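**Q** In order, the protein sequences belong to chains A and B. Per our numbering, residue 1 is the first one in the first sequence, and the count goes up by one each step. Per our numbering, residue 1001 is the first one in the second sequence, and the count goes up by one each step.
Please keep in mind that the hints were generated in silico from the structure rather than gathered at the bench. Note that this is a predicted model, so its numbers are computed, not measured.
Derived, one-sided and incomplete: chain B residues facing chain A with beta-carbon distance under 8 Å:
#, residue
1, 1035
2, 1086
3, 1087
4, 1166
5, 1218
6, 1221
7, 1465
8, 1546
Just so you have them, the derived chain B footprint on chain A, three or more residues with Cβ under 8 Å:
#, stretch
9, 5 to 19
10, 72 to 78
Simulated DEER-style distance windows between Cβ atoms:
#, chain 1, residue 1, chain 2, residue 2, range
11, A, 24, B, 1034, 25 to 33 Å
12, B, 1128, A, 63, 51 to 59 Å
13, A, 40, B, 1048, 26 to 34 Å
14, B, 1043, A, 43, 39 to 47 Å
Note that CB positions come from ideal geometry on N, CA and C, so glycine has one too.
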Amino acid sequence: MRTLCLLAFGCLVGLFAYTYSLKLKTRALETEALDLVTALQDESDYLALERAEVSYLSRPERIEEIAKKTLKLEPIAPAQLVPWSAVVSGLGAVAQSTGQPARKEDGIAALIEKTSAEAAVGGLR
Amino acid sequence: MATLASLCHRIGGSGSAARAAGNARRAQALLGLCFACGFIILSGRVIHYGAASNDMPILAVAASPSGLAKSRPDIVDRNGRLLATDIRVYWLAANPKLIVSADDAAEKIGALFPDLDQAALARKLRDRSSRFEWIKRGLTPKQADAVHALGIPALTLLPTNQRVYPAGNDAAHILGITNVDNEGRSGIEWYIDQKLAAQLQPASLAERPLVKLSLDLGVQHALAEELAHAMERYRAQAVLGLVLDVRNGEVLASASLPDFDPNRREQAAEQNRQNRVVTDVYELGSVFKSLTIAMALDKGVADRYETFDASPLAIGHFLLRDPHAGRQPMSVQDIFIHSSNTGAARIAMAAGMERQQQFLKSLGLFDKIETEAGTSPLPVFPKIWRPANAITVAYGHGIAVPPLLFASAMASLVNGGERIKPTFLLSEKGSDEKGDKVITPETSATMRDLMRLVVERGTGRRAAVAGIGVGGKTGTALKVKDGRYTHDVINSFVAAVPIDEPRYIVMVTIDEPKPEMAGRNNEASQNAAPTAGAIIKRIAPMLDILPTPRFDEAGATPYEQTAPREPQRSVLRKNPHEFGGFDQGYSAYSQPQHAPGPRYSWSYGR
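Excised from the complex, chain B in its bound form (with noise of 0.2 Å):
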């Protein structure tokens, strides 16, 4: 305190001793409220501290658990079954500079990854100008264990994130694939990434959003396993089918083949990608008799019991003829049972090409359809529509749509007449939403009996299912080929299962198939409507389809009387094509023999 006495003298000037002492007092004051201030402030920090709530302080070294690339949601089917999921993998990477010895380091790892070149590995680590090379990408854990414990302190591992699909080749074109950057290139996982990125930024590995998509992962691998038998069986360029729900148009498989392993895209061919059931049209041929004869029932061109001349038809210069149609006329309901061409095209002439155009425009069969997992060309239509355009669209040919497209606009004639739209994610349309309203409840109530006679005594009967209630359509139409029409066939089949209250369109195409033994044809009747029975057949139990009952016990009456014997019959039995019947035993799961309807045969099949 001299100091300060002597300070605040030597301030104040020697005057008066008593101000210097003042002064001394008052510098006291000042100091010590200095001190006071900073002890208060002090404690003041430390009290709120104490105070402070007990979250987790936030780290100077927060871990960014993806560094190099991002994290996805996982994709799971509609019971939550896995499909598609991220794993931490290792991304091995070197530094030239610092290695002792490239060839020995080259060998070490060589014997790690035998598939590594290593002559060209040694070279890359030789070279003392670089910094930084790549070495493998995609190391498992236990991989990545195993360079750590080489102990060349050259190498980085880089840990990032891979995707994986644990389901394999199943729903592989409905999921897509991603980049070596894991974003999102087709399918939902493209989806993900444009539609859904800012909903789903996940946080850790193992909590992640989940997309939930509609396939169900058994479905899918059945459609995909009996798809590939039918490929094998019919020696087919290509095959592809597809299950949908007629009330809210949620697809529940969907397969396309060849198809490829998305775990190893690099090895899929392009062409193995592509997703045939959207990305592609098809001309599906007599499947869109179904369509013409809804058109007309609905508008009220024809009855189902009105009779239309059969015989060859002219188109110019043209002569569509019908081998198997004989010079009697065919009620509406034979025409679609039979598939005759030359009716449907008397039926959709009837009707005219204002009213046709409107029906196919309702259905949305002029427009490209948008779904999750990609867009579909725009369907390749007439952009002039001439009376013969109109003939040759009522059996299917002159038009080519998308499958998925055709399935929606068959699901709207069996499911009362509303429009649907296929989804791929689980719906969230409500019961009580409706769609728009294509036909009456009535018309679709008749085209669900027509498509089940086509399989009880038309041309379907292949697809017919023991305890189950199947109706369908065949389609058999000819493939174009550098602008020709050839003698190789598109065959199609589409089914609608319970028929009596249809839940299910099961759809199948099969490109080029091949006559499965001498003799027999290779019409959609003894290839695609097999396939559809022999899926239908397993998928039926996984999704709650219940036999239909045939017979009432309570009033010992069959439900179904048989059918009346028709004057048409004798003039059918001159065809000499197939002899229909039921699946004999196409799919490993045979199915038990027993008396198919009243056996006449007769098909066109086109």
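Here chain A stands alone, though its shape is the one from the complex (with noise of 0.2 Å):
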């Protein structure tokens, strides 16, 4: 019986040790942990900075005159865009050129062809 009692009484105390060491390293996880958090909270306070800042560098207006100093571009005319299914027919072209030479119709050409074969019909000449 006293054996036993003494058992439990060495569990008891060894029980004791152990939670306080738990309880030690607990509160240093805890401790770590915050640090982590306030890391954690620097950094992304660092990202929202950083994505204000790359903003703030790259308005319009800002890129518009570095473009107009350094740039040899003129801004695109309207004129000068054309509709994606004219690019594809174009590279279709492209790629056709490779086998033999495309032969695109052109009105405007036709049109000239056509003038010009009735004005020396007409006998203009």
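Please assemble the complex out of the two chains, which come individually in their own frames, going by the hints.
**A** So this is what it looks like as structure tokens:
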């Protein structure tokens, strides 16, 4: 019986010691976690700041000024734009031209040819 | 155990040792049971903690990311470009009780922030009765580090959030402003707090919800810049402009000048904060003729070729003159193209007051307009509609509406007759949802054609852009000052692009423009129209507006026939004003010169 009691008492002391060390470890972990949370917060603040900075640096006003100063490009004129279908058909023509010369209907050329032919027939020499 | 046995002996009395021994055993068993229970409970707890899920334990000292000012959602444009965001800043405060040398501290702090008044700061810090004094708000992390490095223990840095607007002045009026506590005070910022506050609670600075606007930052900048050019060029008091999607009412750009930098809102004068597009009403002048003509066409009052008398018209004691109209009657089409006041007045008279009011009401021009960027005041219109009102409203006087409301009405005229509601948020309206029909698709098609003619050979010639089909209407309104009409004007141009199948309404209004040079007039055809043209030229590539084919290559025939000579031409030549034509290099990007349509010149422009 005595042995049992001693054993139980020993267990109790051991358990106390274990709980205490567990508590210390938990506190340490908690501090570490708090540090991490703070670091995370700092990083996320920094990220937000950088994002704002990038947006500020790429605002149209600034880009436009830089482009005017450094690039030798003219702004796109509306007439320079073509629909996607035209680009695709253009690509098709290029692909075709590798095999044999592409024959593209040219309305204006046809018109000029027609009128000059008519002029020739009409005796305007 | 001996003690326990003696205890039992005392309790049980001397009568029976056996009973005492029995008691002792029972007590022992009871005690054992208690220990066992204790161990079982402890083991249970340990097992419970061990088996608990791996969630982060809730920390006793949870860091509050925004102690002083609340965090707000980010605002982005339709392409996701940042328009407004929060950054971490620090507020610097001091506890004068802890300061050793106030002058020394004030000098050190003053060296870091030259804008601070050092003497006042030293006075503040010398006040020993105080325990808390604000020194400076809005310190950047770098400045906060510098303050920290001073090593003055009495200084406290309080982290907080501050709203910044990376796009600067662009869209300042739409976004609105916040106060020092980061609460929305106007514009979208106010709307977010009022309407979206519950849905959008930010967790941290990096992970915040987004509010996506319908604005396009590129278009917005182009619009604001061209308007600024116009304001300078025509020495105007104010200019405003907007780009509106005619199909779903999304506002792609909206600018009102003079404007302000929302990052330095305290420096902005009160009148600069006014968003004229929404919160002001204007008498817009002849652009209203579009509504008058659309009403006449839609209600069957007249067709486009029917003629009306355009000679001077008596309204009570007042004679309404049209200096450029001849004695011959003008067709509805010509009244619109050349902007004849008397003609439009007679069309309105033919339609009748009832119909006119009903039509304007159906377009929502008598109601205030509520948008995310603010609510407009109630339009100003006659309470009792008299014949004189019907006549003046026909050419846009005697009725004052917010420009955004008018642009939405114009959108209905060109989009097939569907009413739209302007919005600054991305529209959730599906393509199959249809709004109320205001006019028939046929009337809408005729209106598009008429607007195209205005730019081809009417008052809007200088709004033409090479390669793009532009249609529009000019409007020159006399400005009211102290209750009287003056010689100052408010000029507008409302354009629809591409006019064959309009996608956008572009509206420009210039308040009190001066003639560009001596000898030129200051009508809308001379300033608002070229400004609108310059804007369209710049924004067309951004909005995928492709050039309108003018020539059918396969068929080798032009799509458009040249305009036939008209009988009015000889009459109209008398006009001393205006030498219309194409935009002659107004913008930084000058247009190629090429011959405009038939060059007969006539404009009343009012």
